[in-house]
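Colleague: Residues per chain, in single letters:
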Amino acid sequence: MIEILQNVLIPFLDLKLLSLVALGTFSGIYIGAIPGLSVTMAVSILISFTFSWDVYPAISLMIGIYMGGVYGGSRTAILLNIPGAPSAIATALDGFPMAQRGEAGEAIGITTVMSFFGGLIGITVLALAAPSVSAFAIKFQPRDYMLLAVLGILLVGSLSGDSLVKGIFAGAMGLMIGSIGLDPLTMDQRFTFGSTAMMGGISFIAVMIGMFGVSEALIQLHSMKTPGVKQVINRIVPSFGTIRKYLPLSLQSSAIGVIIGALPGTGGDIAALMAYDHARRVTKDPEVPFGQGAREGLVAPETANNAAVGGAFIPMMTLGIPGDSVTAIMIGALFIHGLHPGPMLMVEQPHMFWFIVGCLMLANIFMLIFGLTGIKLFVKVVEMPRTVLIPLILLLSIVGAYAVNNSLTDVYWMLGFGVLGYFMRLYGFSLGPVILGVILSRLLDDNWRRAIISDQESLPRLLHGIVTSPLSLTLFLAVIVIFLSKTPLWSMLMRKKTS
Amino acid sequence: MIRKLLGATLALGLTTLPALAEYPEKEIQGIIQWGAGGSTDTVMRAVTPHAEKALGGSIVMQNVTGGVGAIALNQVVNGDADGYQILFGAENPLLYKVMGLGDKDYNDFTPINVLARGVPILVARPDAPFNTYPEMIAYINAHPRDVKFGSTGPGGLPSVVTAMINQKTPIDVTFVPYDGDGPALTALQGGAIDVMPAVLGAAIEGIKGGTMKTIALFDVEASEALPEAPTIVSTNPEFGALLPWGPFFGVFVKKGTPDDVVAKLTAAYGEGAKADDFKALMDGRGFKMMNISGAEAQAFLAKWQSTTAWLVQDAGLTKASPADFGIPKP
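Protein chains in written order, with our numbering: chain F, 1 to 499; chain G, 1001 to 1330.
Don't read these hints as lab results, they were simulated from the structure. None of the values given here were measured: they were computed from a predicted structure. A couple of the hints might just be wrong.
Claimed, not checked - Listed next, the in silico BS3-like pairs over lysine-lysine satisfying Cα-Cα at most 30 Å (straight line): (1) F:Lys-139 x G:Lys-1213; (2) G:Lys-1053 x F:Lys-16; (3) G:Lys-1264 x G:Lys-1288; (4) G:Lys-1288 x F:Lys-139.
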């Protein structure tokens, strides 16, 4: 026990490590905030950079960047309606309307505190229950991932805005965009028209930046004369009462975040969207409707995506299996530093596990501190006149799209989808479902094929598999219940019950 | 006369120019064919700092992914042959032509160093009802289509190992496709698939930790990193003719790069690959160090392409015959 504590406290007590975690978290927040600059990229660059370092400092810096980066994505989502990272898409849905009402400061405050809370829950689960969570996560079969993806597709209902039909259309379009490129399972080319540039598919970050960033800039051109939104800043840190009010929701969202984060193959982006959908379902009467600046719409995704950080470390530390793309790179980093991440790491080098837990805790604390400072300066962005704001958004979008893969092709895609997104918005299509479709496309497509192939291409066998596995059955029932709950039949039943 | 003289001076100037400007006079761009965190990425990021030291220049590494590495390869082949763009790749491009993924491969490049090769290994989930290769074949024959093999698409290591197995004893199993051996090995540990042909480096920690078990090492000699793993030739010597075979990691520049630049890079990576911590990393992950360059590397690549292209051709996985591209039969 004392040994564990000693290892957890290493980053807290060593000034060098402490400042590296701080530096990492600080730069992570800004890397995360710039669309296109991703944590994955930053951490992989750090591998070469920290090559000659000892393993502790290298890990400290990477963890700081990871924690800060996941949080940082919310900044631009709230202020500019451009999610800095895919895991902040849900944050934009209610965060940006809040900023437009002059409550950007409050939105950032809630986001920061809730991210801290989610991070804390994620780390706690990692520290206390890692082996059992990873044993559970690894049991997910292709059919379970498929059902999870179907569950995700149903989020279209929450993201559609006014017209469900238009939402479904947008979602289907996203699924199609996601299937472009070389099929990784069969190496067949899909919708590439024989072009090598298309073989890699369309970067979905480019789609995201275009759809949110450029279309936002174009929409704002309609109201050039309107001055920037005056921001009122009286309360940044939410009161204890507010936190207590959202406690049940944030605990549930954290649970979603940890599990989805721990699943190899899904990460913070899907966790945040699922938590957002969950919030819409459990919140009976929000003070402000969802999509117009509901606080619940910030609380849920932000706790979930930071809880997913701890979650992603669970399979990595216990089995050497990455929980997401960042932990995949960290596994590589551990190898380079002479460690062997795998099932034996926890047995042979438990100190590494506790050191990482310590770093995560410290990074989480720094995230809270850095997140809550400088808000007054940041919200000035929203107050800027349109003539400054629009070029700023376009510049950020172009730099971001280029940075994804250092390729101009992505910039063209981004601009194309920006214009498309603008017209879609003009005609009342919401863009959330498009991004949702792109994110889920591979998950659904690959796992459906794996599932049916595993069952020798027989549908009865697949169904048999679903009803005999408790996990698959639960997911299957969840899909059915959520689907029915959105149909008129359900609301009729509910009305009968209450009357 | 004057014109002639001028031409001669110009020509002289042009030929001596590369020698005057000391390579590298600016940053070198390193393009990694595979994503961050993968084995190609790890190997290249581990060796390059040592090579930089020997070269006295800096190499900026960048992952360009997609199209099983074709996008990265095309980027370098479309650039200048001046040594300022290096391709860090794996074995895949040698199959692009037969798989219909492009018309360029390593024949359009000069190998700087073929660093190491991986050793294929057949692993199974720990509770699979067989422990050795003959037992596995017997079980598969008794239960057609029941055993689930992981695969990573035609042309990948699992497809080649399966082609080898099929060449000796045709097997009737279900192939479940994954996008890489990492996700497939994860699925194996969760029981979604039963057997996976993987590269030793990806499976070694799982085997040591007991989350998967070895069926056979596809090599002619035992591995130092995992000495207790039985080789396939110890039970089925007929595989000896096809082995050793394995995926590899190589450093390349575009064909036509000036000889002095190639020589400098070759020396740098040759030196880098000798670094103790790099060798330790490779040994620990079960890769066999090769560190070959020049004609030796070219011969290795030609032989690899001929063996593998014809193996997958005979297994019926190709889109075009290797004969169409003048790839000789082994």
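Colleague: Are the hints correct? Go through all of them and say.
Modeller: Structure-based check of each hint:
Taken as a hint, the Lys-139 (chain F) and Lys-1213 (chain G) pair is honoured in the structure, with Cα atoms around 18 Å apart against an allowance of 30 Å. The suggested pairing of Lys-1053 (chain G) with Lys-16 (chain F) holds, with an alpha-carbon distance near 26 Å, which does not exceed 30 Å. Between Lys-1264 (chain G) and Lys-1288 (chain G) the alpha-carbon distance is near 24 Å, which keeps this suggested pair within the 30 Å criterion. Note on Lys-1288 (chain G) and Lys-139 (chain F): the hinted pairing is violated, with a Cα-Cα distance of about 33 Å set against a maximum of 30 Å.
Of the numbered hints given earlier, the model fails hint 4 alone.
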